[in-house]
Amino acid sequence: MIRKRGKKHVLLSRSGRVLGAHPSKRAAQAQESAINISKARKAGHRIPKGR
1 MIRKRGKKHV LLSRSGRVLG AHPSKRAAQA QESAINISKA RKAGHRIPKG R
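One point on numbering: in the UniProt record's numbering, the residue at position 35 of the sequence shown is 35, and numbering is uninterrupted.
Don't take every hint at face value.
Estimated spans, in silico, between C-beta atoms of each pair [to be verified]:
{"id": "1", "residue 1": "Pro48", "residue 2": "Gly6", "range": "30 to 40 Å"}
{"id": "2", "residue 1": "Ala40", "residue 2": "Ile2", "range": "14 to 24 Å"}
{"id": "3", "residue 1": "Leu12", "residue 2": "Ile37", "range": "12 to 22 Å"}
{"id": "4", "residue 1": "Gln29", "residue 2": "Lys49", "range": "11 to 21 Å"}
{"id": "5", "residue 1": "Arg5", "residue 2": "Pro48", "range": "28 to 38 Å"}
{"id": "6", "residue 1": "Ala40", "residue 2": "Leu12", "range": "14 to 24 Å"}
{"id": "7", "residue 1": "Gly50", "residue 2": "Gly6", "range": "27 to 37 Å"}
{"id": "8", "residue 1": "Gly44", "residue 2": "Lys7", "range": "36 to 46 Å"}
{"id": "9", "residue 1": "Ala34", "residue 2": "Arg5", "range": "13 to 23 Å"}
{"id": "10", "residue 1": "His45", "residue 2": "Lys7", "range": "29 to 39 Å"}
{"id": "11", "residue 1": "Arg41", "residue 2": "Lys7", "range": "29 to 39 Å"}
{"id": "12", "residue 1": "Ser33", "residue 2": "Lys7", "range": "16 to 26 Å"}
Since the hints were made in silico from the structure, they are not lab data. Note that beta-carbon positions come from the ideal geometry of N, C-alpha and C, so glycine has one too.
Make a model of the complete structure from these sequences and hints.
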């Protein structure tokens, strides 16, 4: 979940822990996407590396 705090976009876990603070929403979304891809790979899904 991404919330705006002041001038930063903060990525929060489900429990409310701060996972990262970014200057733009796009940067926060990129981190969120990377975390989701990592979780999917750990669960056994085959996701190719790279963009």
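Cross-check of the supplied hints:
1. For Pro48 and Gly6, the hinted distance range of 30 to 40 Å is satisfied, since their beta carbons lie about 37 Å from each other.
2. For Ala40 and Ile2, the hinted distance range of 14 to 24 Å is satisfied, since their beta carbons lie about 19 Å from each other.
3. The hinted range of 12 to 22 Å is satisfied by Leu12 and Ile37, whose Cβ atoms lie roughly 18 Å apart.
4. At about 19 Å, the beta-carbon gap between Gln29 and Lys49 stays in the expected band of 11 to 21 Å.
5. In this structure the hint that Arg5 and Pro48 lie 28 to 38 Å apart at CB holds, the actual value being about 34 Å.
6. For Ala40 paired with Leu12, a C-beta distance near 20 Å keeps the hint of 14 to 24 Å intact.
7. Checking the proposed 27 to 37 Å range against Gly50 and Gly6 shows it holds: the Cβ atoms sit about 34 Å from each other.
8. For the pair Gly44 and Lys7, the beta carbons lie near 39 Å from each other, so the given range of 36 to 46 Å is met.
9. Under the hint 13 to 23 Å, the C-beta atoms of Ala34 and Arg5, about 21 Å apart, fit the expected range.
10. Under the hint 29 to 39 Å, the C-beta atoms of His45 and Lys7, about 36 Å apart, fit the expected range.
11. For the hinted restraint 29 to 39 Å between Arg41 and Lys7, the CB-CB distance of approximately 33 Å keeps it satisfied.
12. Separated by about 22 Å at the C-beta atoms, Ser33 and Lys7 satisfy the suggested range of 16 to 26 Å.
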